[in-house]
Amino acid sequence: DGGITQSPKYLFRKEGQNVTLSCEQNLNHDAMYWYRQDPGQGLRLIYYSQIVNDFQKGDIAEGYSVSREKKESFPLTVTSAQKNPTAFYLCASSPGQGALGANVLTFGAGSRLTVL
Amino acid sequence: AQSVTQPDIHITVSEGASLELRCNYSYGATPYLFWYVQSPGQGLQLLLKYFSGDTLVQGIKGFEAEFKRSQSSFNLRKPSVHWSDAAEYFCAVGYNTDKLIFGTGTRLQVFP
Chain A
19 DGGITQSPKY LFRKEGQNVT LSCEQNLNHD AMYWYRQDPG QGLRLIYYSQ IVNDFQKGDI
79 AEGYSVSREK KESFPLTVTS AQKNPTAFYL CASSPGQGAL GANVLTFGAG SRLTVL
Chain B
9 AQSVTQPDIH ITVSEGASLE LRCNYSYGAT PYLFWYVQSP GQGLQLLLKY FSGDTLVQGI
69 KGFEAEFKRS QSSFNLRKPS VHWSDAAEYF CAVGYNTDKL IFGTGTRLQV FP
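Here the protein sequences come in this chain order: A and B.
To convert, count from 1 in the first sequence and add 18; that's my numbering.
To convert, count from 1 in the second sequence and add 8; that's my numbering.
These are calculated hints, taken from the structure and not from any lab test.
Keep in mind that this is a model prediction, so the values were computed, not measured.
All C-beta atoms, glycine included, are put in the ideal place defined by N, C-alpha and C.
Honestly, I wouldn't trust all of these hints.
Here are the in silico distance ranges between beta carbons for each label pair [unchecked claim]: (1) B/Pro120 with A/Pro26: 43 to 51 Å; (2) A/Leu29 with B/Gly61: 40 to 48 Å; (3) A/Glu33 with B/Ser60: 46 to 54 Å; (4) A/Leu45 with B/Gly49: 27 to 35 Å; (5) B/Ser92 with A/Arg130: 22 to 30 Å; (6) A/Ser98 with B/Gly49: 45 to 53 Å; (7) B/Lys69 with A/Val70: 33 to 41 Å; (8) A/Leu45 with B/Arg85: 23 to 31 Å; (9) B/Lys69 with A/Arg130: 21 to 29 Å; (10) A/Leu29 with B/Leu54: 22 to 30 Å; (11) A/Gly20 with B/Ser60: 23 to 31 Å.
To give a feel for the contact side, a few chain A residues facing chain B, derived at Cβ under 10 Å [said to hold, decoys possible]: (12) Ile22; (13) Gln24; (14) Gly60; (15) Arg62; (16) Leu63; (17) Phe106; (18) Leu108; (19) Ala110; (20) Val122; (21) Leu123; (22) Thr124; (23) Phe125.
Next comes chain A alone, as it looks inside the complex (with noise of 0.2 Å):
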């Protein structure tokens, strides 16, 4: 089945530390996302990529960041400089500008970052 993949799904980490949250897609999508949920908040975007080998930055970048070295893969390094990085991780993709379906983004089931 096609779909997408976040690991770890519960994370945690002191802090200082930096972690990396994986997003594997086999979708075959050009377009590919991060986003962080906090309660009532809703989604706030980190940082988008609508092809291979580039990215930019979304509302929320400071503290975060990302490669994409492949299509289907999409890794979000959380920095120690990220002041409050406890939330929810969402992942997600799209079929890319200009394509049927452009702005149809398909989820990944999340990963929860908690810094003790």
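Since the structure of chain A is already known, use the hints to place chain B on it.
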């Protein structure tokens, strides 16, 4: 600035009752419109979408939504709610780009 408003943070209904969740957007141009549903601790699932054409859109699980240009609204409805519909619902808009703007969500609680 483009924005999406879901004015109801939390709604409680009895099983079998009708449901309407409100969504308004701020931008003047007609956007692409979406409703997603999220069960606790899970990702988001697409319920329905509006791109153009008929303003009444049918989705999965018996949901429908109506686009009203004059009110900049895209409200979600269901005639008879089931206990399994308890979840959080997100409205989202897109404008000729890949990015979507999400509302803050409405949590639906269903009583037997």
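(request) Just pull the numbers of the violated hints for me, sorted ascending. (result) Result: hints 1, 4, 6 break, sorted rising.
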